[in-house]
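Quick note, the sequences are listed as chains A and B, same order.
Note that our numbering has the first sequence beginning at 1, numbered continuously upward.
Note that our numbering has the second sequence beginning at 1001, numbered continuously upward.
Think of the hints as simulated: they come from the structure by calculation, not from any bench.
There may be inaccurate statements among the hints.
With beta-carbon atoms standing in for the labels, derived distance ranges [claimed, not checked]:
no.	chain 1	residue 1	chain 2	residue 2	range
1	A	P9	B	D1002	53 to 61 Å
2	B	K1108	A	N125	25 to 33 Å
3	B	Q1127	A	P363	16 to 24 Å
4	A	K555	B	V1180	47 to 55 Å
5	B	G1056	A	E186	49 to 57 Å
6	A	D361	B	G1056	40 to 48 Å
7	A	P363	B	D1031	38 to 46 Å
8	B	E1115	A	H609	33 to 41 Å
9	B	G1056	A	I236	18 to 26 Å
10	A	K555	B	K1108	27 to 35 Å
Calculated lysine to aspartate or glutamate pairs in the DMTMM-like style (CA-CA distance at most 20 Å, straight line) [said to hold, decoys possible]:
no.	chain 1	residue 1	chain 2	residue 2
11	A	K523	A	E494
12	B	K1118	A	E502
13	A	K12	B	D1169
If you want the ones that stay clear, here's a sample from chain A, every Cβ over 12 Å from chain B, calculated [unchecked claim]:
no.	residue
14	D260
15	E502
16	N575
We put the beta carbon where it would ideally sit given N, CA and C, even for glycine.
What follows is the residue order along each chain.
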Amino acid sequence: MHKLLVDQPGEKKFLLGNEAIARGAIEAGLAFASTYPGTPSSEISLNFFQISRESDLYFEYSTNEKVALEVAAAAANAGVRSMCIMKHVGVNVAADVLMTLAYVGVRGGLVILTADDPYMFSSQNEQDNRYYGKLSGLPILEPSSAEEAKEMMGYAFDLSEQLAEPVLFRTTTRLNHSTAPVVLGEMKKRVTFGDFTKDPFNYVTVPAVSRKLHVKLLKNLEKAEELACESAYNFIEGSGSWGIICNGVSYNYVADAVRDLNIADKVKILRVGFSHPMPKKRIQSFIKDCEKVLVVEEGEPFMEETVKAFAQEAQYTNPVMGKDPELFSRLFEFDPAMVRANIAKYFGAPYDAKDLPDLSDIPELPQRPPTLCAGCSHRAVFYAVNQATEGTGSIRTTDIGCYTLGFLPPLSAGDFLICMGSSVSTGCGFSKTTDKKVISFIGDSTFFHSGIPGLVNAVFNNHDVNLIILDNQITAMTGHQPHPGVDMKGMNYEGFRQVSIESVVRGIGVEHISVIKPYNVKKSIAAIKEAIDHKGVSVIIAKQGCTLFERSLKKHVGKPFYVSDKCKNHRNCLNDLGCPAFYVADDKVRINPALCSGCSVCAQICPEHAILPLK
Amino acid sequence: MDITRLIIVAVGGQGNLLSSKVLGEAACRLDVPVRMSEIHGMAQRGGVVESAMVFGEAQSTIISDGEADLFLAFEPLEALRALNRCNSKTIVITNTSSLPPFTAAIGKGTYPDIETIKELIQSKVGQLITLDANALAREAGNELSVNMVLLGALIETNVLPITAQSIHDAISETTKKGFVETNIRAVELGRSAVSGII
């Protein structure tokens, strides 16, 4: 049985934040879930996927976040408790749905989880999605710990049903990827089926209907504010005159700092867990008795601006600070020592900063950047592109996935990247405004996510771009999730069909299409040259399963290669491929047999044919 | 109990997430308060993987620079790189078996001499304990059990209120059936490699 389905209330489990969230949803009777995978949210969905294989929970990997939210919005409007999970930038994709779904509302509870990523551990930006609450007018809940996240999930579903609108559940990487003991609770029975009652004058958002719905949304916002004021998730600790308002993981750092600084008798903390709409009366009564107030929140001054506005409205003049060059930054993550130092500084508490070791005598160390795996087929494609375009100064627009890592030398296969699906469309712009050849790289999952509209655009407007679809037949970067192009039957999953990338590309009307096997270097180079010579849109589909995934399935484990005595130290293998299976010993290139996947690409490019399979 | 902060650094693929999970499960079994945080987005792509574990009644799951009481490194270069997490009292345990990064292979930077690494670490921390965890893992019967060897060395310091028995139990529950025996052997080899030094 899946560990999150265990029916043992009171049992303590060591759970990852994302597992605790998934369990909280299951305990709340979640019946329908959809997602597009994205770090740091991916493990929530992974658990739902596994649970759905052995229970009546419906779960789907949707093609993108917009689709995922639309699917979930309808399920919730059939009265079924639903959840939609995405990373912070995924909400941008789903924003079109979100803004009007806020008007329409839901009948069954709908929780939209946004996993923000301060410091950008695995994201292209660190946008603060609390502003989506403000923008859409929907409530936001923000837990501080794994155990609270589990409890809060049940509250989120109840709140959503009480207000008849979706609730945004906002986490940050540190919560998603922190593990703590969590006590399991009772599981509500899943209601997996409902009904949809037709009511077009409330569900069909033509202007006349939406005018009415916006009025309803604003009324709901007032009601939500009352609930935020009463909510046990906006709690006060202590009774001192130094006020601290904080949220999320920042609360943990504040609580630890107050203990470490031994100032518990002087401090009063307002932990805001229901952060939109901000609980006005609660905040005004909190700051009233404070000598001064410090707002501790990662990201933007979301609470600080509101607290200042509330203070102004009540004509309180006690100082409120947060984001300031001398205090907290809008950049990156916070940490316990930073919060401790700023609390001490702001309130004038005695504090001895710990001495950091003097590291001035440490030599410069070789970096260890993440890299494409040994035997990754993306490396073979990038090598072939470099050979085919040598000396042309071609512009390579890239996209989001493992292959983004190819932008580093020696492959240097990425010059421009904005967001999911941008490779094709930005390629179009460069092709019209420069005299350079343009090559765009996109992964299979990203192609389905948002690459298709860009390709349609390229064909319609007759752009001169070459798109290479790096089809490794899985969503690799986020941990090997399926997508519409995946052969689910081949992985023993019933109930799915498969969408052929090649058929899609043909259907769009691309004139020049070739399918290559990246491990065949010569043929790949020839195909790429041909595609580039084609004036107009050309597409190359590079088909080769993700080597990491295939190895985990014990599929395709080729014989490792070794460097024989014929080697004359040209080092093309090392310098042009940069495969992590290579190392240098006694001034000779060697191959680590434990890492080598036997892709044979280095053997094909060795001018001396010195790289041979191990017997 | 007093708060004890442990940082574990490793290279993706060395299995530090499993060892921190085992340690966390063992703490849970003993009702030792524990919180852990890890960054593993790039774990499978050969980058550095770091876990932070906080034992005791703290609420934070991460550890600021200079505040690790215990520091466990799976690779000597990564021990040196993350030295900013330590202070003059930190107990450092490092594997001496190196995994030179690809950048060093292509001439972008030089992998420091292992003795230099040891001297540099020794001069800045409370105590340095070194062991060749890869050799011991091979002795245990599986080179991949480096993580368990190092876990054994870590608990042998007795800084954490975690018993060897609880580690064995957590291994039996958490790791794959076929590896339990090797893993427990690896823990015991790690323990005996450092017993007496501490």
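Checked hints:
1. A/P9 to B/D1002: 53 to 61 Å: 32 Å, violated
2. B/K1108 to A/N125: 25 to 33 Å: 28 Å, holds
3. B/Q1127 to A/P363: 16 to 24 Å: 23 Å, holds
4. A/K555 to B/V1180: 47 to 55 Å: For A/K555 and B/V1180 the Cβ distance comes to about 26 Å; the hint is violated.
5. B/G1056 to A/E186: 49 to 57 Å: The hint (49 to 57 Å, Cβ to Cβ) is violated, given that B/G1056 and A/E186 are roughly 30 Å apart.
6. A/D361 to B/G1056: 40 to 48 Å: 33 Å, violated
7. A/P363 to B/D1031: 38 to 46 Å: 45 Å, holds
8. B/E1115 to A/H609: 33 to 41 Å: 40 Å, holds
9. B/G1056 to A/I236: 18 to 26 Å: About 25 Å separates the Cβ atoms of B/G1056 and A/I236, which means 18 to 26 Å holds.
10. A/K555 to B/K1108: 27 to 35 Å: 34 Å, holds
11. A/K523 to A/E494: 36 Å, violated
12. B/K1118 to A/E502: 56 Å, violated
13. A/K12 to B/D1169: Holds: A/K12 and B/D1169 sit about 16 Å apart, inside 20 Å.
14. D260: Incorrect as stated: the minimum Cβ-Cβ distance to chain B is 9 Å, not above 12 Å.
15. E502: Holds, because the least Cβ-Cβ distance between A/E502 and chain B comes to about 28 Å, which exceeds 12 Å.
16. N575: 7 Å, violated
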